[in-house]
Amino acid sequence: MKSYMVFDVGGSKVKYAVINENGDFLFKGDYPSSRNNFEQFREDILEITMKNKKPFHIAGIAFSCPGGVDSEVGIIGGASALPCIHGPNFKEIFSQAAGLPVEIENDANCAALGEVWKGAASENQNVMFTVIGTGIGGAVIKDRKIHKGANLHGGEIGYMVLNVLDEEGHYTFKTWSELASTGSLVRKVAKMKGIQQHELDGKKIFNAAETGDEDCKKAIDDFYLSLAQGIFNIQYVYDPEKIILGGAISSREDLIDEIYKKLDIILSSVRIAKVRPVIESCQYKNDANLLGALYHFLQRQASYVPNI
39 MKSYMVFDVG GSKVKYAVIN ENGDFLFKGD YPSSRNNFEQ FREDILEITM KNKKPFHIAG
99 IAFSCPGGVD SEVGIIGGAS ALPCIHGPNF KEIFSQAAGL PVEIENDANC AALGEVWKGA
159 ASENQNVMFT VIGTGIGGAV IKDRKIHKGA NLHGGEIGYM VLNVLDEEGH YTFKTWSELA
219 STGSLVRKVA KMKGIQQHEL DGKKIFNAAE TGDEDCKKAI DDFYLSLAQG IFNIQYVYDP
279 EKIILGGAIS SREDLIDEIY KKLDIILSSV RIAKVRPVIE SCQYKNDANL LGALYHFLQR
339 QASYVPNI
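Each residue of the sequence shown is one higher than the one before, starting from 39 at the first, in the numbering used here.
A few of these clues could be false.
To be verified - Here are the simulated DSS-like cross-link-like pairs (lysine-lysine), alpha carbons at most 27 angstroms apart as the crow flies:
#, residue 1, residue 2
1, 255, 229
2, 66, 92
3, 66, 183
4, 183, 156
5, 212, 129
6, 66, 91
7, 129, 156
8, 323, 183
9, 183, 256
10, 53, 212
11, 255, 156
12, 53, 89
13, 180, 231
14, 256, 242
15, 180, 242
16, 129, 92
17, 312, 180
18, 212, 231
19, 66, 129
20, 212, 242
21, 255, 231
22, 299, 256
23, 212, 156
24, 241, 53
25, 212, 241
26, 231, 280
27, 231, 242
28, 92, 180
If you're looking for bench data, these hints aren't it; they were derived computationally from the structure.
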């Protein structure tokens, strides 16, 4: 059975694993990311790869990376917390150095593919993956593959615009990320409390709400409503079989129930709408990017037939 070297490149650390073609983790580890020195980044990747190449009969290298990844060419555009990874051609550099085929994909897309392969969407063809964090990101899964769109913006659902009223009662326009991310929740509560944002995080806000803090309760209620609005829109734009939620908040046991409560309010108002979105939290959490990076590799290399 073939095995693969898989890397999940993050802003603070690089996670890695050897995974076989069935998606079984043979081992995994991590090390601090090299932010500004690509030569050091390259050496770290190659040291781990070459150390494991023979013992595990490594057949390829798969990357999950932040930024605007061009999977065809192997270059990462845009910006991220790791400036050094933007520009170098991963496919050329690592394939030539390691003597192995290389594939690379965006981290949110990899997380989605991991859930499609083995997780919450393993029995589905068409899914929207939604990452709720400091902002909101996502991935469109069509026929179990990533749909990137004409401008590589497929899945950029955080850009979705919603109408809201400002303090003077005038309509203004805010993105879904500005209204329904955990980052937006922190900003809202910090403003209500007159404190600095760094003094808060999502966990503190939810804990305060549970002990009766009215500001936090109101902000969380608005947060769930904004999440429900975006999810409603996704359902009627793409009509996926499921909408999978990722990000740290997806671990909250009451998240899905609270969103459904708000969705039911929307559906009772928009009577023409008859489809109630199916929502699930991701299953693989921190391992989804690694698993999805390999699934992407196998799809690209045509060495795996999806279980459709």
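A quick look at each hint next to the structure:
Simply put, residue 255 and residue 229 have alpha-carbon atoms about 14 angstroms apart, close enough for the 27 angstroms limit, and the pair holds. For the suggested pair residue 66 and residue 92, the alpha carbons sit about 17 angstroms apart, so the restraint of at most 27 angstroms is met. For the given pair, residue 66 sits about 25 angstroms from residue 183 by alpha-carbon distance, which is consistent with the 27 angstroms threshold. The suggested pairing of residue 183 with residue 156 holds, with an alpha-carbon distance near 14 angstroms, which does not exceed 27 angstroms.
For the proposed pair residue 212 and residue 129, the alpha carbon gap of about 38 angstroms is over 27 angstroms, so the pair is violated. Restraint check for residue 66 and residue 91: the C-alpha separation of about 14 angstroms stays at or below 27 angstroms, so the hint holds. In summary, the hint linking residue 129 to residue 156 is supported, as the alpha carbons are separated by about 26 angstroms, within the 27 angstroms threshold. For the hint linking residue 323 to residue 183, the alpha-carbon distance of about 20 angstroms falls within 27 angstroms, and the restraint holds.
A hinted pair counts as satisfied when its Cα atoms are at most 27 angstroms apart, and residue 183 with residue 256 does not qualify at roughly 39 angstroms. About 34 angstroms separates the Cα atoms of residue 53 and residue 212, which puts this hinted pair outside 27 angstroms; it is violated. A threshold of 27 angstroms between alpha carbons decides the hint, and for residue 255 with residue 156 the separation of about 36 angstroms lies outside it, so the pair is violated. For the hint pairing residue 53 with residue 89, the CA-to-CA distance comes to about 16 angstroms; that is within 27 angstroms, so the pair holds.
In summary, the hint linking residue 180 to residue 231 is not supported, as the alpha carbons are separated by about 43 angstroms, beyond the 27 angstroms threshold. For the proposed pair residue 256 and residue 242, the alpha carbon gap of about 15 angstroms is at most 27 angstroms, so the pair holds. Using a Cα cut-off of 27 angstroms, the hinted pair residue 180 and residue 242 is violated, with the two alpha carbons roughly 37 angstroms apart. This hinted pair checks out: residue 129 and residue 92 have alpha carbons roughly 21 angstroms apart, not beyond 27 angstroms.
Between residue 312 and residue 180 the alpha-carbon distance is near 23 angstroms, which keeps this suggested pair within the 27 angstroms criterion. Under the criterion of a C-alpha separation no larger than 27 angstroms, the hint pairing residue 212 with residue 231 is consistent with the structure, at around 22 angstroms. Proximity of residue 66 to residue 129 is assessed by CA-CA distance (about 22 angstroms); at most 27 angstroms being required, the pair is judged to hold. This hinted pair checks out: residue 212 and residue 242 have alpha carbons roughly 25 angstroms apart, not beyond 27 angstroms.
A hinted pair counts as satisfied when its Cα atoms are at most 27 angstroms apart, and residue 255 with residue 231 qualifies at roughly 13 angstroms. With a C-alpha separation of about 15 angstroms, the suggested pair residue 299 and residue 256 falls inside the 27 angstroms cut-off, and the hint holds. Among the hinted pairs, residue 212 with residue 156 is inconsistent with the structure: their alpha-carbon atoms are about 35 angstroms apart, more than 27 angstroms. The suggested pairing of residue 241 with residue 53 holds, with an alpha-carbon distance near 25 angstroms, which does not exceed 27 angstroms.
Between residue 212 and residue 241 the CA atoms are separated by roughly 24 angstroms; this keeps the pair inside 27 angstroms, and the hint holds. Restraint check for residue 231 and residue 280: the C-alpha separation of about 37 angstroms exceeds 27 angstroms, so the hint is violated. For a cut-off of 27 angstroms, the pair hint linking residue 231 to residue 242 stands: about 13 angstroms separates their Cα positions. Taking the CA atoms of residue 92 and residue 180, the gap is near 36 angstroms; set against the 27 angstroms cutoff, the hint is violated.
When each numbered hint is compared with the structure, violations occur for hints 5, 9, 10, 11, 13, 15, 23, 26, 28.
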